[in-house]
Amino acid sequence: MADIKIGAYVCKGCGLGERLNTAQLMTVAQREGKAQVVREHEFLCNSAGISMIKQDIEKEGVNHVVIAACSRRAKTDAFGFDSVAISRANLREGVIWVQPDTDEAKEITQEMAADYVRMGCAEVAKMQIPQINPSHGNNKRILVVGGGISGMTSAIEAAKAGYEVLLVEKTGQLGGWAAKLYRRVPSHEPYADPMETGVPALVRQIEADKRITVHLNSTISRTSGAPGQFSVDISKESGGTSTENVGAVIMASGFEPYDLKKLPELGGGKSPDVVDQAGLEQLARAANGAAIKRPSDGKEIKSVVFVQCAGQRDESGKHLAYCSGHCCNTSIKQAMYFKDSNPNVDAVVVYTDLRTPGNGEDFYRSAQRKGVIFTKGTVSEVVPGAELQVKFKDLILNDDAVAKADLVVLATGMVANSGVDIDTAGGAPNVEGQKEGGESKVVSILNLTYRQGKDLPLLKHGFNDSHFICFPYETRRTGIYSCGPVRRPMDAQQAIEDATGAALKAIQAAENAALGRAAHPRSGDLSFPTFRREGCTQCKRCTVECPFGAIDEDEQRYPQFNESRCRRCGTCMGACPVRVISFENYSVDTVGYQIKSVDIPDQFSEKPRILVLACENDAYPALDMAAMNKIQYSAFARIVPVRCLGSVNTIWINDALTSGYDGVVLMGCQKGDNYQCHFVKGSEMAYYRMSKIDDTLKGMSLEVERVRTCEVAITDIQRAPKIINEMAETIQKIGLSPMKF
Amino acid sequence: MSELNKVMVEKYRNDFLKEVEANVEEGNWVKMCMQCGVCSGSCPFGPYWEHPPQEIFMMVRAGKREEVLTSESMWMCTSCYNCIVRCPRELPITHIMHGLANYAHRLGIAPKMNPTRRFAKLFWQNIIKGGRVNELKLSIGLYFMDGFSNGVKKGLEMLPVGLGLLKTGRLNPFGLLGGGKCKGASDIHKMLKKAQEIENRRKGFAS
Amino acid sequence: MSGAVATNETILVVGGGISGMTAALEAAECGKDVVLVEKNPSLGGRVSQLYKYFPKLCHPTCGMEINLRRIKANKHLRVLTLAEVDKVEGRAGDYTVTIRLRPRYVNENCTACGACADAVSTEIDNPFNYKLNKMKAAYLPFNMAYPQRYVIDSSIIGTPDAEKAKAACKYDAIDLGMKEQTMTLKVGAIVWATGWRPYDAAKIQPYGYDRYDNVITSVEFERMMDPFGPTAGKLVRPSDGKEAKNVAFIQCAGSRDRNHLKHCSRICCMASLKQSTYVNEQFGDQAQSTIYYIDIRAIDRLEDFYQKVRANPTVKFVKSKVANITEDRESSDVILHGVDTEGYHRYDNRHDLCVLAVGMEPSVDARGIPGGVHADASGFLEADAANGAIFGAGCATNALDVNRAVQSATAASLRAIQVINKVSGAEV
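Residue numbers (the numbering used here), protein chains in the order written: chain A, 1 to 741; chain B, 1001 to 1207; chain C, 2001 to 2428.
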């Protein structure tokens, strides 16, 4: 590694020159910050300023740069120098915009600025320029698990982009549930009639595509490795296992219909003429456009009742709590099977809320035009018999009613085939478990060799984990993406869209892994965690706490970082009690030295110091925007952005307190079910660790009020400064820390 | 029960919706209702309806034949077209209401004393006579619909209005003597007869 | 930036909302060159105007911050703002696109210091707040605006105010002589992600949006919750500024309606359920929300959210399409008239404020998209082989929620990459 040469550049623009003594800041950078090159500029971000810095990088050999100007969120393009370490001392949003422009405030404003220059220099001195992970893999083949419409689509779309695909299907043929459909819900205008499933064409396309290799009657018996270098065992039902290498994985393991036998009150399992939607497809396929006949006696069906939300949207806790989303459209389609073959068949759909979003509304209208009757009601009972009786409450007429039918179809919904629930060890509504009648014999889909479990973590209701609004594909297992109904209940059309997106993510993961780069959300980050083996106590906290299951244990029980699985959040670094984990550009030292570099006035100065560790994605921007709106906060605060609150090592807090800081505020994202943490579990981990800080404080004879952890959202533009001010008030009340030297 | 009613009950059994679709003006729209209720809320006579339009549509689907056809509700419609304008499914609700009323009337099971029905009958008889409405006779007929003493009372009540109309030439006092017929009223009678035949044939009514 | 070089291995993404940003980023993070054009002065689109997302009740700007960081960090992605596509010629793998760039009158020297805004006095309608308030004619569109660069509104060009702005700028960032420019780009594939716009509520005559102060739209309601919005984050009535504690939400305001939008806009039920929580957020138990609906469409796990709101005693559900609204002249209260169809109950309900859950229509009618693509009857872009390498993404293709829009954009991104890879002959 080349010698570090620090260049510090102080900007005088945007009022910095008027408000601050930049000459003094330069002296600070030079004397305390050990910057070899120190310059100021009237307008650092303009082309002259930039070329001044560039020249120093090229001619003077400056390789560590401190920009003492605006926030790291501003002028990112201008200050984005390649292959140097950069630190931003935030003098604009962090100092002059949050302090009053008065003579009295001048001194403490200058002190604040000087501290940020010290911190910038300290950080950059400890930073290294990330080198590409030497153990990254180059494999770009995509493994698709599941040969239903989702899996087939993923395979075809990835192949179309030029990628090789391995498609593994558990059964003897491709197509999954979609192949068992008679027709599917239309995807084009006029959304009036059921359309061909298109499955045979997809199967032909796969068979003709040289890039796609299909393994039928096969399952995945082992998955290990990382993006760019996964190793999987594909086991044939008949015996025999082959090992293949792939770059990324798409899990499209689909669903099973909720078992209608669990709904005896609705006739489930009590009469052959009560079927689920899959059962009706079977009857429709048998009829193939002619009159549909009922299972019990082969009689032509003259009347059919569809019961929506059968065992779904259930509040009793006995059945599925969620809505499967597709069943309204599916029942409409199925009612059309009858009406299209014989308009005189009575088809009634009993629903509570008819859910046909988007152009589904056209489909709904088309069914009505065809004479399908829709009745808002709740079905209480289906009485079996030669003529089935559907007892329901008509919610419009507020009437108890009975509909007679030759056949009853229960819209039972989808259960995700998501494998093992690694958090509860098999307690989720798993399909295989369901079949065993509660005796949960759960079958893993991926059989990951990961320390944290065999399958993808589940989020809710047995569906695969996802950050389900902004970044729906992001699972907690890097390079493994789920799609189709295993992720969320959905119909074929949505599954096709979903599978196409998942194919992109898989390709992207493989491409980035081959370049040694991180995946979302720190995409492109070349740094990765390393650990000092000699110092490690094998406590396993890092392997347990990693939100992405990136860390395994090797044979000697040391942590084994699978760098390509790492998302660079730093939770492991925060977890490590002996502080042996670090990233090249983010470490216990890059933050620790910033904290230590701050000038701590003595106990009698009446100038407390408050350390604020702020999540760089939410709390820090909130404070930035507070500054843009000229919302002021205490001049005693020193704010350090962190990748995630999960990366906060308690040593930073201990060190801060022992070196005389008067208060510490941690600002992170919301945790829990509706987590907003971009690393899912990071802020939760931070909370857990901080729950023990009180003992530490007591051990140091300090008041517990000196440390506060709070959830701060990016919109807390007014609240975040308030939190800082509250800490300043608290300190005023309880007095300065006695720990100052 | 009228003969026609018996025939229809027999013909459609318990499928009232089909009966409505086949026999009621615009009846094939009933199935398109999605029960939003905007028609029921939009009707200026709404509070007086026992069953508002959207509920009637549901009752039709639920096979409540007797209740619907003997209902006074659809006779409340004054053809303001508020419901049609607002219906998100573009149902011609006004027309369906009139269609149902008309059908019930034909079957002979419409409420006998319903004032709208009685006025409609009066109006019809009045207009087909001469091919043009005789307003004076129509009003008098209307006043005396509920008996002689009621007629006198109503007539006196309306006297100032009548006199006003007379004064401005909006009411022809000789109308009482007849006259005001259009030319070729008999041709109109023929046309109406023919139209009735065609309609009866189309709808399969025994004529 | 206007000198962006592009080749037929470049992907053009039209629209810088959540879908466009996603499509652009996903492709760029696969190593593809992408040009992202946005009509407005900054990226973010409709979602940046929302207070919270359903069902997590988290803040859209949070995800946007991540996306902006991804954009800033990516060298394959170039952003053009105030840019619109005028012409598309050519075919898959070989398009020539003409882009019109409107002048911002502020160049890249801008440090977003805000001195120009302090200097000008002219105020104009604030489009970010749906014109509910005014802003200076030299402005940063919103707190999170990217590029973080001010805009001089063209209405003050040639006035002394513009000169004042120029004089106030120490960094030579204001260029009042900027002119509209056009540029042509070679691209291989196009992702069309121009998003949606709220249906014009004034067209729903019986609801009196154009006549009654206290009838507002759901998108305006979102802006009211923003502490930096037109009401400083307070739910108040436009008529008199009084707290709006008793709020009515009307579903399908324009949607599922042959007189307006024939499709269901999908998001409005969830949006109103979410917005009912805003009323609680401000007024606690004092809040009263009434949701007038035809069918509550809370599909898949969104059902959980519906159940939670249903369990809230301050929220009432009435199955009814509201017939019409009248205003009490004295109090400016709105009175909703209609029939609860579950058992036939008439109502004339008085509320402080009525929020119309307005539907989504495509902000650019796909029938008018340059280059010619398949459009459905509502003007949404329909996938079709005849579209060549123009791929729809997000709400330009259908009424979608954010989650589905992102999915759609990710899928569109791959479709574009497939074309590019064919052009480049990339074998993996």
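Everything labelled a hint here was simulated from the structure, so no lab data went into it. Among the hints, erroneous ones may be present.
Which stretches of chain B does chain A cover? Using the computed rule of at least three CB atoms under 8 Å from a CB of chain A, they are [unchecked claim]:
no., segment
1, 1030-1039
2, 1058-1067
DSS-like mimics (lysine-lysine), calculated; alpha carbons at most 27 Å apart, straight line [said to hold, decoys possible]:
no., chain 1, residue 1, chain 2, residue 2
3, A, K302, B, K1011
4, A, K12, A, K180
5, B, K1011, A, K299
6, C, K2242, C, K2075
Think of the CB as a built atom: it goes at the ideal place given N, C-alpha and C, for glycine as much as any other residue.
Results of checking the hints against the structure:
{"no.": "1", "hint": "1030-1039", "in the structure": "holds (count 4)"}
{"no.": "2", "hint": "1058-1067", "in the structure": "holds (count 5)"}
{"no.": "3", "hint": "K302(A) with K1011(B)", "in the structure": "holds (17 Å)"}
{"no.": "4", "hint": "K12(A) with K180(A)", "in the structure": "violated (71 Å)"}
{"no.": "5", "hint": "K1011(B) with K299(A)", "in the structure": "holds (24 Å)"}
{"no.": "6", "hint": "K2242(C) with K2075(C)", "in the structure": "violated (50 Å)"}
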